[in-house]
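Enquirer: Protein chains in written order, with the working numbering: chain E, 1 to 259; chain F, 1 to 320.
These are calculated hints, taken from the structure and not from any lab test. Where is the CB? At the ideal position from N, CA and C, for every residue including glycine. Treat the hints with caution; some may be incorrect.
To be verified - Pulled a few chain F residues facing chain E out of the computed Cβ check, cut under 10 Å:
1. G145
2. V183
3. I188
4. G192
Stated by the list, open to error - Cβ-Cβ distance ranges computed for the label pairs, FRET-style:
5. E:K197 with F:D224: 57 to 67 Å
6. F:D120 with E:D22: 20 to 30 Å
7. E:A29 with F:P243: 32 to 42 Å
8. F:D238 with E:F189: 24 to 34 Å
9. F:T157 with E:A66: 41 to 51 Å
10. E:A66 with F:V177: 35 to 45 Å
11. F:D120 with E:A21: 15 to 25 Å
12. F:A123 with E:K197: 54 to 64 Å
13. F:V86 with E:A218: 25 to 35 Å
14. F:K279 with E:A218: 34 to 44 Å
15. E:P199 with F:A13: 43 to 53 Å
16. E:D22 with F:E185: 24 to 34 Å
17. F:R318 with E:V166: 45 to 55 Å
As the list claims (entries may be wrong) - With a cut-off of at most 25 Å between alpha-carbon atoms, the simulated BS3-like pairs for lysine-lysine come out as follows:
18. F:K122 with F:K18
19. F:K279 with E:K257
20. E:K48 with E:K190
21. F:K286 with E:K238
22. F:K253 with E:K146
23. E:K257 with F:K122
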Amino acid sequence: MKIVVLVKQVPDSGSERSLRADDGTVDRASASNVINEMDEYAIEEALKIAEAQGGEVTLLTMGPDAATESIRKALSMGPDGAVHVTDDALHGSCALGTSKVLAAALRTLEFDLVLCGAESTDGRTQTMPHMLAERLGVPALTGARKLTVEGSTLTVERQTDEGYEVVQATGPAIVSVWDTINEPRYPSFKGIMAAKKKPIATKSLADLGVEAGEVGLAGATSKVLSSAKRPARSGGQKVEDSGNGGADLVAYLSAEKFV
Amino acid sequence: MTEVLVVVDGSAATGVKKVTLELLTLARTLGAPSAVVLGAPGTAEALKDKLAEFGAEKIYVAESAEIDGHLVAPKAAVLARLAGEVSPAAILIGSTQEGKEIAARLAVRLDNGILTDVVDLKADGTATQVVFAGSTIVESQVTKGFPLVTLRPNSLTPEAAPAAGALTPVDTTVDAVTLGAKVLERKIEAKGSRPELTEASIVVSGGRGVGSAENFAVVEELADLLGAAVGASRAATDSGFYPHAFQVGQTGKTVSPQLYVALGISGAIQHRAGMQTSKTIVAVNKDAEAPIFELADYGIVGDLHKVVPQAAEEIRKRRA
Ligand SMILES: Cc1cc2nc3c(=O)[nH]c(=O)nc-3n(C[C@H](O)[C@H](O)[C@H](O)COP(=O)(O)OP(=O)(O)OC[C@H]3O[C@@H](n4cnc5c(N)ncnc54)[C@H](O)[C@@H]3O)c2cc1C
Ligand SMILES: Nc1ncnc2c1ncn2[C@@H]1O[C@H](COP(=O)(O)O)[C@@H](O)[C@H]1O
Chain E
1 MKIVVLVKQV PDSGSERSLR ADDGTVDRAS ASNVINEMDE YAIEEALKIA
51 EAQGGEVTLL TMGPDAATES IRKALSMGPD GAVHVTDDAL HGSCALGTSK
101 VLAAALRTLE FDLVLCGAES TDGRTQTMPH MLAERLGVPA LTGARKLTVE
151 GSTLTVERQT DEGYEVVQAT GPAIVSVWDT INEPRYPSFK GIMAAKKKPI
201 ATKSLADLGV EAGEVGLAGA TSKVLSSAKR PARSGGQKVE DSGNGGADLV
251 AYLSAEKFV
Chain F
1 MTEVLVVVDG SAATGVKKVT LELLTLARTL GAPSAVVLGA PGTAEALKDK
51 LAEFGAEKIY VAESAEIDGH LVAPKAAVLA RLAGEVSPAA ILIGSTQEGK
101 EIAARLAVRL DNGILTDVVD LKADGTATQV VFAGSTIVES QVTKGFPLVT
151 LRPNSLTPEA APAAGALTPV DTTVDAVTLG AKVLERKIEA KGSRPELTEA
201 SIVVSGGRGV GSAENFAVVE ELADLLGAAV GASRAATDSG FYPHAFQVGQ
251 TGKTVSPQLY VALGISGAIQ HRAGMQTSKT IVAVNKDAEA PIFELADYGI
301 VGDLHKVVPQ AAEEIRKRRA
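Bound conformation, chain F alone (with noise of 0.2 Å):
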């Protein structure tokens, strides 16, 4: 069966991200899967037994300190190598920044086409997408070259199916072009247990109704009660109510979980580009006209400051 090469996501530290287990998922259809490791040395020990697990065949171990102390450029350099050697079915990357920065490379240097931001992709290549702020769906397909895709998360569920895992080296030597964007310094900022922004089955985000940072923790005290990860809209980030970094919508994280809750949240169209295609979603909100409710399953017109915590407190009677 012809290789279909899985870039992974993820690092020793934070172990293999969802959307890698999505891409070996998906990869099972197209042909048989190979994980391409790419950073820093010891990246594929920490990785293999979740990568193997998945389906796995096979675990492409390029590692080197200049892929990991550099931007993408390195890391495209070795997968448009290794793509020159095995003739993939398919590449699939996660939609993150950086993994449509790799495929956006991969694309000049082996000249083929490129899709982002896919939601689907079928075994004839046909990839389904999802644009325009979650207004429109199309069909589409690299007409040149070999599905070079990126997937979005929580596009589907991934499934273990155990495999070989064997683990592959690679050359990674690469030109000294690739290597001028260094990297200086990387900052971890904490975030404690929560799960991550685009991951999360279930999201509750904050807007400008929450009123204040500290105002904030009503909407963490519920996130946290349902295992979900905080968002916030643009006004609430804008104005300092919560970091950037947990912004939803057009120029935020696109999320897609199972349930969102948008408390104290208008519902712009921008913000809606982020979080439309969510399976349920549930608002709260004091304006009975609020755009919001156009979208919401189930919707409270009321002040998030009295519905918030009662309804916390409910939670915590029921589980008592």
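Looking at chain E on its own, in the form it has when it is part of the complex (with noise of 0.2 Å):
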């Protein structure tokens, strides 16, 4: 089974993250710089696949150069190699336009199943899935929290507002998992080292026979207009419980008219 791991290098959710003053893109030069955490997921879930089935995982990225490091990152878990897709050009894509190469790159691979993260945590947008799948022809399966793969019939177990869904489709087919699905691997030093000697690919737009002005900042489709960093949330009254403090708390709550 051929799979492909779409791995998104993002800047660290658990520090300080801004957008440029100059072209409201996100400052990925100044952060630090972190695999999306969903995509190590997605990882883990395809590793375990080709291991129970055999097959053969390829990380893919679209990113600028200094993704090589979560991608070589992301390969010490155990993918067998990599495609990288960066160009000058790609700086400032919207999600249309990211949609766009990564399924040009896509069409460049041969897979039975795209496995990605349910969401990036700097854009958040969950729009990936679904805008390759529609760009590829193939069915996406969202948001996984269980995945089996019987033959090329793939069935996903997902949770909704209500309860969750059995969903399946027939691969060659898009599924983004949730961070319920499994428990990532940590690298071992053996992966590590292997990592270092694996193949990555770089491609740029002109490889993928996508047009410069249809991506990056020359293609995007929305823009930022201005940004702010909201005034931060100041602390106000914090009471110590000597004995009262329900009584404190629902004191507060009837002053703000909440009880």
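Could you fit the two chains together into a complex? Lean on the hints.
Expert: If you want it as structure tokens, here you go:
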């Protein structure tokens, strides 16, 4: 089974993040960048399937040159190789532009299954799997908390607001995973050493036959007009409980008309 | 007036979701609201009165077993064709998982820009988004096509404005390629009478400090006295104290209630990501240094197992 895992490098969600003042794009240069956490769950799921049924796992990333570092880290978990789409013209791509590029890259790869995270921590749009499915004409099963692969039949259990549902498609298909699906492994020392020698194929827009003007800032279909830090919330009153904390709490809630 | 398409979230079983009423209210500032019902046959009949009450001049009825029995692709296909026919001023969708997915496919089909998790949209198409765990406010705009926007629930107060609600059938034929993701089973899990997490005006959440699944009864008791929804931190859901469906935060739900009560939650940045825009925040934590106090309007430093039952008792006393 040939599995492609989409991996995105994002600014660490645990540290300060900002938008660039000049063009409103995510400031990646000055951020501490990591693998989008949910993508690690997608990698883990791919490795588990390949280990159980045989197969090849290839990572696909679109991002600046510096994303190579995250790709190596992801490779140290165990995938066989990676494709890195990088091109100066990609800076400032909107979701539609990104999907155009990733779809073009996927067309050059053979796959039975594309796995990705349900959402990225920077954009949090949850749009990529469906945009890709629409462009490639394959089904998308999203937000998996459980995935079963039997031949080319893919069955996913996903959480909904009301409960959960079981959905099914025939591969090739795209499956996005939630962080409830598994527990990603830590790279072993051997894995880290092996990752240094694994192949990373670098592709430019020209390699993929995508026009520079269709993507990046030039081709963006939405734009940031302005951005500002939200005024930080300041802590209000803090009361030590000395036996009356519950009553104090209700007095506050009552004054604020919640009780 | 140009039509604004509002994609209805709801079913005969759940009724119209509140976010849809917000969308209809917002749509009036942009044009003539038309609700689009996509679902099982009979859905529009069940929802039409509410949609009309909140301003739907037209209600497009796109109902079929195929739409109901598959993931979002057929919905997006039908919507894209409808958009081609009516050239709407905007398409507004709730920023739920399904809403974002419909919007994603529509964006590709129409080659139209998309903005997700919007909290406000002006008549000129300028959208406001809150990003990076609630730390940054962005003003943005779709620059190709019309505003195709998903609105975060609880962004505005729905206002009734009765309109005709004229039922208008829509062609629901779709290509086979949209029918690749079949729904085999839909399981409704009972959640009792509590309001839905993302819609609730009060949310009471518990964290690792609650200590166990049994102890979540304390959180539920306070929630019920306040008419609130129950939420949980990731530490609490990962420890099996409470179901994952109720997780608040970066990898859970984003809530923006009038009041958020955090019990035994430290206030990690990933938790803040899902609750930072709440109007009023109240916290109970035994650690005076817990970061949650940096954003709490009112905090009690103490043991929640003492403070919360006492608070519940006090509320009952006041009501007696
Ligand atoms: C990629 C990623 C995504 C994440 N997504 C989410 C998310 O969506 N939602 C989320 O919540 N977290 C998320 N997290 C986890 C987050 O970083 C924290 O680990 C988590 O929020 C901690 O939960 P907690 O506050 O309940 O637990 P803790 O941090 O362990 O805090 C427990 C608190 O309870 C207090 N306490 C203990 N006993 C009592 C008592 N008897 N009375 C009063 N107070 C008591 C303690 O003082 C402490 O402050 C994510 C992390 C990562 C890396
Ligand atoms: N530039 C990118 N390169 C590779 N994968 C991506 C990229 N952007 C998004 N993805 C994938 O799509 C998922 C959902 O992202 P998003 O739609 O941005 O929330 C992520 O978890 C990634 O797996």
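Enquirer: Taking the hints in turn, state whether each one holds.
Expert: These are the hints, each one checked on the structure:
no., hint, result
1, G145, "7 Å, holds"
2, V183, "5 Å, holds"
3, I188, "5 Å, holds"
4, G192, "13 Å, violated"
5, E:K197 with F:D224: 57 to 67 Å, "59 Å, holds"
6, F:D120 with E:D22: 20 to 30 Å, "25 Å, holds"
7, E:A29 with F:P243: 32 to 42 Å, "40 Å, holds"
8, F:D238 with E:F189: 24 to 34 Å, "27 Å, holds"
9, F:T157 with E:A66: 41 to 51 Å, "44 Å, holds"
10, E:A66 with F:V177: 35 to 45 Å, "37 Å, holds"
11, F:D120 with E:A21: 15 to 25 Å, "22 Å, holds"
12, F:A123 with E:K197: 54 to 64 Å, "58 Å, holds"
13, F:V86 with E:A218: 25 to 35 Å, "30 Å, holds"
14, F:K279 with E:A218: 34 to 44 Å, "40 Å, holds"
15, E:P199 with F:A13: 43 to 53 Å, "51 Å, holds"
16, E:D22 with F:E185: 24 to 34 Å, "50 Å, violated"
17, F:R318 with E:V166: 45 to 55 Å, "46 Å, holds"
18, F:K122 with F:K18, "20 Å, holds"
19, F:K279 with E:K257, "13 Å, holds"
20, E:K48 with E:K190, "18 Å, holds"
21, F:K286 with E:K238, "12 Å, holds"
22, F:K253 with E:K146, "19 Å, holds"
23, E:K257 with F:K122, "31 Å, violated"
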